[in-house]
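For chain A, the structure is supplied; the task is to place chain B on it using the hints.
Just so you know, the sequences run in chain order A and B. For reference, each letter of the first sequence is one residue, going 1 to 418 in this note's numbering. For reference, each letter of the second sequence is one residue, going 1 to 419 in this note's numbering.
Treat the hints as calculated values from the structure; they're not laboratory data. None of these values were measured; they are calculated from a predicted model. Worth double-checking, as some hints may not be accurate.
To be verified - Only pairs whose alpha carbons sit at most 27 Å apart, straight line, appear in this in silico DSS-like list of lysine-lysine:
id	chain 1	residue 1	chain 2	residue 2
1	A	Lys-178	B	Lys-306
2	A	Lys-178	B	Lys-62
3	B	Lys-306	B	Lys-362
4	B	Lys-306	A	Lys-229
5	B	Lys-62	A	Lys-302
6	A	Lys-65	A	Lys-210
7	A	Lys-231	B	Lys-200
8	B	Lys-62	B	Lys-200
9	A	Lys-210	A	Lys-83
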Amino acid sequence: MWLRRLILFLLMSVLFGQSIHNAYGLGLISFNHNAASSAMSSRGIVPSFNQNISLSNPVTWNNLKFAYLTANYKGDEFSNDSKVNGLTGISSAQFAVSIGENYAWGFGLKPLFNQQYMIVDNQTEFYLEGDTLFTQRSLDGSGGVSSLYTAFCFPLTNKENMAVELDVLFGSLRKDAKFSIDQRSYHQFHRQIYSGSLYKVFLSSDRFNKNKNPLNLYFMFGGSLNALKIKHHSFQPFEDVNLNGYYDSADIPTPSSVPTADLNIYNNVLKPIELGFGFDMLMANKVHLMFEAHSWKDNGDKSASLFPLISYYVKQSQQFSLGFAKFSPAVAFQFSQKLQYRGSVYFRKDFLEYDNVSVDEMGIAIGLGIKFGFANNQIDFAYKYGIRTSEIISNENIQHFSVGLQLGDLWFVKRRPK
Amino acid sequence: MKSSVILKILWIGLVSAFITGCMEDPLHADLSQDGLELEVRELFDIEGVTYQVPPSIGSKTKLHLGNDEDYLYKALLFKTSFISYESSLWTLSSFLDSTITIDSAFFTVGISKDTLETPASFSMYYFPLIELDSIFSETKSHYLNFTDSEIDMGEFVSNAVEESVEVDTVTTIYRIRFPAENLLDSTFADTSLNYTLMLKLNNPNEELFAFYSREYDYSNDLTAKLEVHFRQFIYPDSADTSQAISIDTLFKSFLTTQDLSIMVPPALTQEDTSYITIGRGKGLRSLIKLDFLDTLQLPKQTTFDKVQLTLHIVPDTNISSFSIWAVALKDTFELSSFESLEEDDYSVHSSLFSSGSVLNGKVVFNIKSFLQNQYFENIDNLGLKLYANINNNLQTEVHFYSSNHDSLFPKLFIQYVAP
Numbered sequence: 001m002w003l004r005r006l007i008l009f010l011l012m013s014v015l016f017g018q019s020i021h022n023a024y025g026l027g028l029i030s031f032n033h034n035a036a037s038s039a040m041s042s043r044g045i046v047p048s049f050n051q052n053i054s055l056s057n058p059v060t061w062n063n064l065k066f067a068y069l070t071a072n073y074k075g076d077e078f079s080n081d082s083k084v085n086g087l088t089g090i091s092s093a094q095f096a097v098s099i100g101e102n103y104a105w106g107f108g109l110k111p112l113f114n115q116q117y118m119i120v121d122n123q124t125e126f127y128l129e130g131d132t133l134f135t136q137r138s139l140d141g142s143g144g145v146s147s148l149y150t151a152f153c154f155p156l157t158n159k160e161n162m163a164v165e166l167d168v169l170f171g172s173l174r175k176d177a178k179f180s181i182d183q184r185s186y187h188q189f190h191r192q193i194y195s196g197s198l199y200k201v202f203l204s205s206d207r208f209n210k211n212k213n214p215l216n217l218y219f220m221f222g223g224s225l226n227a228l229k230i231k232h233h234s235f236q237p238f239e240d241v242n243l244n245g246y247y248d249s250a251d252i253p254t255p256s257s258v259p260t261a262d263l264n265i266y267n268n269v270l271k272p273i274e275l276g277f278g279f280d281m282l283m284a285n286k287v288h289l290m291f292e293a294h295s296w297k298d299n300g301d302k303s304a305s306l307f308p309l310i311s312y313y314v315k316q317s318q319q320f321s322l323g324f325a326k327f328s329p330a331v332a333f334q335f336s337q338k339l340q341y342r343g344s345v346y347f348r349k350d351f352l353e354y355d356n357v358s359v360d361e362m363g364i365a366i367g368l369g370i371k372f373g374f375a376n377n378q379i380d381f382a383y384k385y386g387i388r389t390s391e392i393i394s395n396e397n398i399q400h401f402s403v404g405l406q407l408g409d410l411w412f413v414k415r416r417p418k
Numbered sequence: 001m002k003s004s005v006i007l008k009i010l011w012i013g014l015v016s017a018f019i020t021g022c023m024e025d026p027l028h029a030d031l032s033q034d035g036l037e038l039e040v041r042e043l044f045d046i047e048g049v050t051y052q053v054p055p056s057i058g059s060k061t062k063l064h065l066g067n068d069e070d071y072l073y074k075a076l077l078f079k080t081s082f083i084s085y086e087s088s089l090w091t092l093s094s095f096l097d098s099t100i101t102i103d104s105a106f107f108t109v110g111i112s113k114d115t116l117e118t119p120a121s122f123s124m125y126y127f128p129l130i131e132l133d134s135i136f137s138e139t140k141s142h143y144l145n146f147t148d149s150e151i152d153m154g155e156f157v158s159n160a161v162e163e164s165v166e167v168d169t170v171t172t173i174y175r176i177r178f179p180a181e182n183l184l185d186s187t188f189a190d191t192s193l194n195y196t197l198m199l200k201l202n203n204p205n206e207e208l209f210a211f212y213s214r215e216y217d218y219s220n221d222l223t224a225k226l227e228v229h230f231r232q233f234i235y236p237d238s239a240d241t242s243q244a245i246s247i248d249t250l251f252k253s254f255l256t257t258q259d260l261s262i263m264v265p266p267a268l269t270q271e272d273t274s275y276i277t278i279g280r281g282k283g284l285r286s287l288i289k290l291d292f293l294d295t296l297q298l299p300k301q302t303t304f305d306k307v308q309l310t311l312h313i314v315p316d317t318n319i320s321s322f323s324i325w326a327v328a329l330k331d332t333f334e335l336s337s338f339e340s341l342e343e344d345d346y347s348v349h350s351s352l353f354s355s356g357s358v359l360n361g362k363v364v365f366n367i368k369s370f371l372q373n374q375y376f377e378n379i380d381n382l383g384l385k386l387y388a389n390i391n392n393n394l395q396t397e398v399h400f401y402s403s404n405h406d407s408l409f410p411k412l413f414i415q416y417v418a419p
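Chain A on its own, in the form it takes in the complex (with noise of 0.2 Å):
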């Protein structure tokens, strides 16, 4: 019963971060989600949860020697020169369990863009005759892209293996456009319905695991199944008499005399490539050295009647990192043995629609794993500090917080009658 609450509660809990990236296009994308990845500045890649084990790479999952299920929890804060924002929420929520020693199998929830924003323009003036009206205009956005996955890894041959992920994306986005003259207050709901699906194929090879710093190497494509669609309700503006924020009966034109909001439905608006490849070796005292590299880009079709707010979005996404972590064996009984460590570098940069123009961030991260229980509970713990730098968007700062929760299980195993 308990699990099953959990896991509801977390289906319906996703939020994030403010950006201005929020804004644009679908949003700000998010790649990594849960603290273990984020403290190696990981996009899942390479093993980041434990040894040989990412939680957001089903080809790792073979190794698990527990069933389990595991929950995110992130804060952001963006901050400029003028403004701070901050938001956070559950960022991701996942069962995994290994079948036999070859195989594994795994679902779970994800946010994959953040719609989440509030936006102001300027006061303009409106010259009439003998009358200057004053308007502004304000956007508010609450929404997001998600994916329910599930994953499936199996072996190619003894030294490889491979797991194919499938993503059916989901969401919606509810958004007010505000418009003001003078003390009038006029509003326009819209709401979009997201559908679509994705695939990734994750690949991993042990084949040089056997000198004296054992290397593992991982790669991972994605691509499109039904490229993301998206229903666009609009209605009918309306003057917000009793500036409650709500369209009832008080305001003009009464609700009762309009006619339906328009539907408009645009396709193939997500069709994002991604090509990922990382490496794990063993150096010396059980430090493990990870790097990763990896890309993605988004050729959907962006209308821009679908979306004004356009020159912002992130259309491609490059990130190379490299970390060190220390795990914690298998079998640990003192509690100095049951920490992990985590640290990384990372350099990215992004390609914002708007002329090709990019953003730069750099930033370091650092985290902590502590594994309590039987069944290897841990709970992970990560800080990431950025900056994101570039000619045309103020420069921001980026501080990430994450903790993660994973509890492990016993399945698939056979127990001896009491």
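Coordinates of chain B only, in the frame set by chain A:
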């Protein structure tokens, strides 16, 4: 036990995290390409035509008799209630009972005036020969369908002159009390069904007299009424009618339920028919055509912020205050020039109305709801009907320039927002 404690802590943490998640400051960005735009248009090709209907003055708070400039008020009509105001058990026919003796009866009408110098004389009539339940209608009767022939069918009841009554040391009221004992015979109280009384001035050339209408004061203090003072006898032995017991003098009144002045307006002038004209006493109304709305190119999902129809007044009209209704038409009209009609056949959408008052030489109507509903195609664009508010002076007409004037033609200003 241990795991349940951990789960409870986890639940509390998650709920707290969910509740505390919030944004702080709005971002600033150029939103000129997103959201709503403000636009204005000014449109001119507005045509209007005037028509005349018999004036509808039944709902006025005052009734009149006499002459006022060129307006002749020929008669006052009242319809009394059949049921007593004091008790629904008492009706006009109750007085036909042989046990009742009427001591006095009066029909009283309050006069609206400040002093009484030379009391005028009035006569009262009823209509025993017309066997209809109603011989006039407050909303439909007028000088064209209640003519001298109907007036002449009235049977004389009594004469009366104006009188003043000092209510207290401060207040004096003025009234006419017509003796009405002979009304309460079988012809009015029983046989007649119309209960209609008519007042006329004995000297038709007298000045204008104003009376309180039933609409003036709904407390009924000033409402015209038939008042009856009477005694009722009871016979202890029903077989012996020579020994009756008299009950104290009783009183019952019968309020008027409808009242109307029959007014004959003066002849129309050249200005009345050539301009867009509104006048209550002459029954002048106008129809406005806005045909260009059907082909007006507006963006999708337009919401009107301001829609003002402006009509400019002809300078020779000396108006201090005048209020006009503009209401969306339900019926098409084919009038090309002035016409007189026996009744107003142009029905309207009563919820889509606007009121405008003459101010600074023009009247401005806010017809936003009309245009918005026409834009939504909830109603057809059949134009507007303009007519005078019931509180306007009956003798006042307002003339407006039509589309053929070179600068003061009617204008429609629209200000709207659209995506």
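Lys-178/A paired with Lys-306/B [C-alpha distance capped at 27 Å] | The hint holds at about 18 Å.
Has the given pair, Lys-178/A with Lys-62/B, been kept, meaning a C-alpha gap of at most 27 Å?
-> Violated, because 51 Å separates the two Cα atoms, which is more than 27 Å.
CA of Lys-62/B to CA of Lys-200/B, is that 27 Å or under?
-> holds, 16 Å
Hinted pair Lys-62/B and Lys-302/A, Cα distance within 27 Å = violated, 70 Å
Straight-line alpha-carbon gap Lys-210/A to Lys-83/A, limit 27 Å = With a Cα-Cα distance of about 52 Å, the restraint between Lys-210/A and Lys-83/A is violated, given a limit of 27 Å.
27 Å limit on alpha-carbon distance, applied to hinted pair Lys-231/A and Lys-200/B = violated, 75 Å
Hint consistency between Lys-65/A and Lys-210/A [alpha-carbon to alpha-carbon, up to 27 Å] | Given that 27 Å is the threshold and the Cα spacing comes to 22 Å, the pair holds.
Below or equal to 27 Å on CA atoms is what counts here, so check Lys-306/B against Lys-362/B.
-> holds, 18 Å
Are Lys-306/B and Lys-229/A close enough, with their CA atoms no more than 27 Å apart?
-> Answer violated: Lys-306/B to Lys-229/A is near 38 Å, above 27 Å.
Comparing the model with each numbered hint stated earlier shows that hints 2, 4, 5, 7, 9 do not hold.
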